[in-house]
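Engineer: The primary structure of each chain is shown beneath.
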Amino acid sequence: GNSVTQMEGPVTLSEEAFLTINCTYTATGYPSLFWYVQYPGEGLQLLLKATKADDKGSNKGFEATYRKETTSFHLEKGSVQVSDSAVYFCALSGPDSGGSNYKLTFGKGTLLTVNP
Amino acid sequence: EAQVTQNPRYLITVTGKKLTVTCSQNMNHEYMSWYRQDPGLGLRQIYYSMNVEVTDKGDVPEGYKVSRKEKRNFPLILESPSPNQTSLYFCASSLRPGGAEQYFGPGTRLTVT
Chain A
148 GNSVTQMEGP VTLSEEAFLT INCTYTATGY PSLFWYVQYP GEGLQLLLKA
198 TKADDKGSNK GFEATYRKET TSFHLEKGSV QVSDSAVYFC ALSGPDSGGS
248 NYKLTFGKGT LLTVNP
Chain B
101 EAQVTQNPRY LITVTGKKLT VTCSQNMNHE YMSWYRQDPG LGLRQIYYSM
151 NVEVTDKGDV PEGYKVSRKE KRNFPLILES PSPNQTSLYF CASSLRPGGA
201 EQYFGPGTRL TVT
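Protein chains in written order, with our numbering: chain A, 148 to 263; chain B, 101 to 213.
None of these hints come from the bench; they were simulated from the model. Glycine included, C-beta positions come from ideal geometry on N, C-alpha and C. It cannot be assumed that every hint is accurate.
Just a sample of chain A residues kept apart from chain B, beta carbon distances all over 10 Å, derived [as the list claims (entries may be wrong)]:
1) Leu193
2) Gly208
3) Arg214
4) Lys215
In silico contact screen, one side only, chain A against chain B (beta carbon under 8 Å); selected entries [claimed, not checked]:
5) Tyr186
6) Lys250
7) Leu251
8) Phe253
9) Gly254
Next comes chain B alone, as it looks inside the complex (with noise of 0.2 Å):
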């Protein structure tokens, strides 16, 4: 089946501690991006990938980092997580960017403290 998975789904962590958001997915997909989600405002990007090795900055990138060592996994990494930090995250792929559908995994839940 094809699919975007996260790991974890849902996370309370306290302010300052490193923690890493996995997602991978199993459709040889070049292009994969995180958002986050936070009520009123939408889903805003934080980072992107075009392919492997290759990765910028989207909307909101600050706090974040992530690496894309193979195609298949881009994780999400915040070294000193803050209480502004806490949203829902998602990642995403698809095929190529531009006007393809992107696939969504299910949503990573983060409570910074």
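Bound-form chain A, shown alone (with noise of 0.2 Å):
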């Protein structure tokens, strides 16, 4: 079945410090890729997303490129904030076994914390 692995956190920066949190997936087909943000206390929110390979998703200053040839689709930023402090989702949305539901399968979350 699908999977998603994403690097095991908690992760610890200085502000303005560059950030990756690495994220590589195991899927049938050709599945979209998201990255989903919580913020303490809130639900997921989509950070960006790619829908094929090559794709690059940005936003907020956050990027990330579908590779479908590593099969991953890692998450940067250059100059991160203490506003950016949350837990960060890897996630693909593609059929299952059964070819019927397009569920989302996440990775197990990165804890980012930024300190001023």
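Put the complex together from the two separate chains, hints included.
Structural biologist: As structure tokens, this is what we get:
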């Protein structure tokens, strides 16, 4: 079945540091890939997405490129801010083994803390 | 404002007492889904619905029921809650499955004693 593996946290950075959170996936066919962010006490919200190979999703200074050859979708940001502190989830959407359910399959999440 | 609402936000109950968590979306989305979030396990899908009267099991359906009588509502029912159902629950909806963004509710924190 589909699966997502993302780097374990927690990750602690100083403000203005460079951020990379690794994400790799296993899926049948051609899934869509997502990064969701969860701020403390809130639900998940979409950060960025890519729906086909070599697409780059970007939002709020974050970027991720859909790499089919390495089955990866790493999240990057050049200069993090304190307000970026949150849990980040990599996810894919693709048919399950039965071909009928385009559910989101999530990684376990990476807690990012940015210190001033 | 486009949103997914859940109620209640917090609930403490006892083993065996039936409860319902409501979910409603105002975006006319066809696809709705329930997830539970547990430490170290991420989010796992409980049930999903492709449209009115069309529901199916996700990865962890045991102990849960759902219904989809109207497009906007997708309640989650725990007929006989047990302590292992203590978790944070999220409802989500999207225009369609696949590459469309899923919109999440704020979450319901359930504790079963």
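Engineer: All hints, please: hold or fail.
Structural biologist: Quick rundown of the hints versus the structure:
With 10 Å as the threshold on Cβ separation, the claim that A:Leu193 sits away from chain B is violated: the shortest Cβ distance comes to roughly 5 Å. Every Cβ of chain B is farther than 10 Å from the Cβ of A:Gly208; the closest lies at roughly 19 Å, confirming the non-interface assignment. Distance check on A:Arg214: its Cβ is at least 17 Å (rounded) from any Cβ of chain B, clearing the 10 Å threshold; non-interface status holds. Its beta-carbon lying about 15 Å from the closest one in chain B, A:Lys215 satisfies the requirement of being farther than 10 Å from that chain.
Below 8 Å, beta-carbon pairs count as interface contacts, and A:Tyr186 has none with chain B, the closest being about 11 Å; its hint is therefore violated. Taken as an interface hint, A:Lys250 checks out: its beta carbon lies about 5 Å from the nearest beta carbon of chain B, inside 8 Å. Against a cut-off of 8 Å between C-beta atoms, the interface hint on A:Leu251 holds, since the closest Cβ of chain B lies about 6 Å away. The restraint placing A:Phe253 at the interface with chain B holds, with a minimum CB-CB distance near 4 Å, inside the 8 Å limit.
Checking A:Gly254 against chain B by beta carbon gives a least distance of about 6 Å; that is within 8 Å, so the hint holds.
Taken one by one, the earlier hints fail for this structure at numbers 1, 5, listed in ascending order.
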